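Participant: Sequence:
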Amino acid sequence: SIGFTREPDPNATTLEMARHWVDYEYTETMSQPLLAGRDFSRERSTDRVPPYAELTAASGPYSIIIDDQAAQSLGWESAEQAIGESVYWHVGPPTIDRDLLLEYVVIGAMSERKYEFIDFAAFGVQGHIYILKPDSANYMIVKASRDNLNEALQHIESTWAALMPDVPLRREFVDDLFYNTYGIFQSVSVSIGALSIFGFFVASIGLLGNATFITNIRQKEVGIRKVMGASSGNLLRMLLLDFAKPILIANALAWPLGYIMANAYVSLFAARAEVTFVPFIVSLLLSAAIAFAAVFSQSWKSARVRPAMVLRYE
1 SIGFTREPDP NATTLEMARH WVDYEYTETM SQPLLAGRDF SRERSTDRVP PYAELTAASG
61 PYSIIIDDQA AQSLGWESAE QAIGESVYWH VGPPTIDRDL LLEYVVIGAM SERKYEFIDF
121 AAFGVQGHIY ILKPDSANYM IVKASRDNLN EALQHIESTW AALMPDVPLR REFVDDLFYN
181 TYGIFQSVSV SIGALSIFGF FVASIGLLGN ATFITNIRQK EVGIRKVMGA SSGNLLRMLL
241 LDFAKPILIA NALAWPLGYI MANAYVSLFA ARAEVTFVPF IVSLLLSAAI AFAAVFSQSW
301 KSARVRPAMV LRYE
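Just so you know, we're using this note's numbering here: the sequence shown kicks off at 1 and counts up by one.
For the record, the hints were derived by calculation from the structure and aren't laboratory data. Here the structure is a predicted model, which is why all the values come from computation and not from measurement. You may find that some hints are simply not true.
Stated by the list, open to error - No farther apart than 25 Å at their CA atoms in a straight line, the calculated lysine to any residue pairs in the SDA-like style are these: (1) K245 / F277; (2) K133 / D68; (3) K245 / G209; (4) K143 / E25; (5) K143 / E112; (6) K133 / V22; (7) K133 / D99; (8) K220 / P246; (9) K245 / I205; (10) K143 / L169; (11) K245 / F296.
Said to hold, decoys possible - DEER-style ranges, computed between Cβ atoms: (12) N138 / S267: 26 to 32 Å; (13) G193 / W21: 39 to 45 Å; (14) S41 / E274: 38 to 44 Å; (15) A194 / A273: 18 to 24 Å; (16) A194 / E7: 50 to 56 Å; (17) L257 / T56: 53 to 59 Å; (18) Y52 / T13: 23 to 29 Å; (19) G3 / S31: 27 to 33 Å; (20) A293 / N263: 27 to 33 Å; (21) E80 / A273: 25 to 31 Å; (22) N138 / A293: 52 to 58 Å.
C-beta: ideal position from N, C-alpha, C; glycine also.
Using the sequences and the hints given, assemble the complete structure.
Facilitator: Now the structure itself:
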C-alpha cells in the first residue's frame, strides 16, 4: 500500500491505499463495471504511467481509477463525485532515487472489490486505487470460457512457450487461490469447534463431580428441610437453582469477551457475517442443559433421601 492525499504538498498527511498496477482490459477481465467516468484508453497517452526512470517533476497528471472506499476516505461522498479531481502521491527512496510529487486525475469510479477474501481495511488500507502501468504488474490474469477451457489453457501454454521458452509457466485458477486462503480459516474454525467440544466435555465432567461433592455435603441440610416439610420437588428445585447461579455468572463474564473476540475475527473478512447475540443465547441454553443433565441425577437422589438415614447419627 502507498499514501495518497488531495493536497499538493509533500508534507501533507496521506491515507494508505492499496495500489494496483493494471492493464487496459482489467475492469472487463475482472467483471468490475465502472459506476461513473471512463476506463483506461490506448488513445490517451497520459492514461499510462511511464517507468520510474522516465518520471520527472513535470510528469503528469496521469489517470487513475478508484473505488468507493478510497473516495470516501479521501473526503468525497461517493466515487462519482471524485471524477475529474486530483490526488497526489509523494514517491521517493527506496522506490526511486529522487523525491517526486506525482499528480493523478480520477477518470473512473468502481464499487468496492468483492472478490477479496480478507478485508485489508482491518490493516489500515483505506481504499483501492488502480494505475495503468502494465510493465510493473506481477501477474497476468486471463479470463477463459468454461465451454472451451481446455483449448484456452493449451493456447495460453503455447503462447507462453513461444514468448518465454526458458521460463516455466506457473498458472493457477483464481477460485483455487481463494479456497487455499479460505482453507486456513476453515482449519481455524474446525480447531475452535474441536476445542469447544472438548471444553464442554471437561465442563460436564467437572459439573458432575461438583454436583456429587456438593450434594454429599448438603445431605444433612436436605434431611432437615425434609423434616421441616419440604417436598422432594422443592428440594430438587433449590439444588438446581444453586447450580444455575455460577453458570449464569460464568456466561455473563464470558459474553463481553466472546463478543469482542468474535467481532475482531469477522472484521478480517471482506464479506462478513453480523455478530448477533443468538450464538451466546444458544451457548447459555446448551451449558444450562449440560449442567442440568450433569447434576439432575445427584440432586434428585439427594432430594429423595430419607431424613432418618441422614440424621440418625446426629
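Participant: Now look at each hint and say whether the structure bears it out.
Facilitator: To see whether the hints hold, each was checked on the structure:
1. Between K245 and F277, the direct Cα distance comes to roughly 20 Å. Compliance with the 25 Å bound is thereby established for this hinted pair.
2. Pair hint K133 plus D68 holds up; C-alpha atoms about 21 Å apart against a cutoff of 25 Å.
3. Restraint check for K245 and G209: satisfied, since their Cα atoms lie roughly 17 Å apart, inside the 25 Å limit.
4. For a cut-off of 25 Å, the pair hint linking K143 to E25 stands: about 11 Å separates their Cα positions.
5. At most 25 Å may separate the alpha-carbon atoms for a hinted pair to count; K143 and E112 meet this at roughly 20 Å.
6. At roughly 6 Å between alpha-carbon atoms, K133 and V22 fall within 25 Å of each other, so this suggested pair holds.
7. The straight-line distance between the Cα atoms of K133 and D99 is roughly 19 Å, inside the 25 Å bound, and the hint therefore holds.
8. Annotation: proposed proximity of K220 to P246 holds, straight-line Cα distance about 23 Å (limit 25 Å).
9. For the suggested pair K245 and I205, the alpha carbons sit about 18 Å apart, so the restraint of at most 25 Å is met.
10. The hinted pair formed by K143 and L169 meets the criterion: a straight-line CA distance of about 17 Å does not exceed 25 Å.
11. For the proposed pair K245 and F296, the alpha carbon gap of about 15 Å is at most 25 Å, so the pair holds.
12. At about 27 Å, the beta-carbon gap between N138 and S267 stays in the expected band of 26 to 32 Å.
13. Between G193 and W21 the beta carbon distance is about 40 Å. The supplied range of 39 to 45 Å therefore holds.
14. At roughly 41 Å, the beta-carbon separation of S41 and E274 lies within the given 38 to 44 Å, and the hint holds.
15. In this structure the hint that A194 and A273 lie 18 to 24 Å apart at CB holds, the actual value being about 21 Å.
16. For the pair A194 and E7, the beta carbons lie near 52 Å from each other, so the given range of 50 to 56 Å is met.
17. In this structure, L257 and T56 meet the distance hint of 53 to 59 Å, their C-beta atoms being roughly 55 Å apart.
18. At roughly 24 Å, the beta-carbon separation of Y52 and T13 lies within the given 23 to 29 Å, and the hint holds.
19. Checked against the hint of 27 to 33 Å, the C-beta distance between G3 and S31 comes to roughly 29 Å, which is consistent with it.
20. For the pair A293 and N263, the supplied restraint of 27 to 33 Å holds, since their beta-carbon distance comes to about 32 Å.
21. Taken as a hint, the range 25 to 31 Å holds for the pair E80 and A273, whose Cβ atoms sit roughly 29 Å apart.
22. In this structure, N138 and A293 meet the distance hint of 52 to 58 Å, their C-beta atoms being roughly 57 Å apart.
Comparing the model with each earlier hint shows no violations; every hint is respected.
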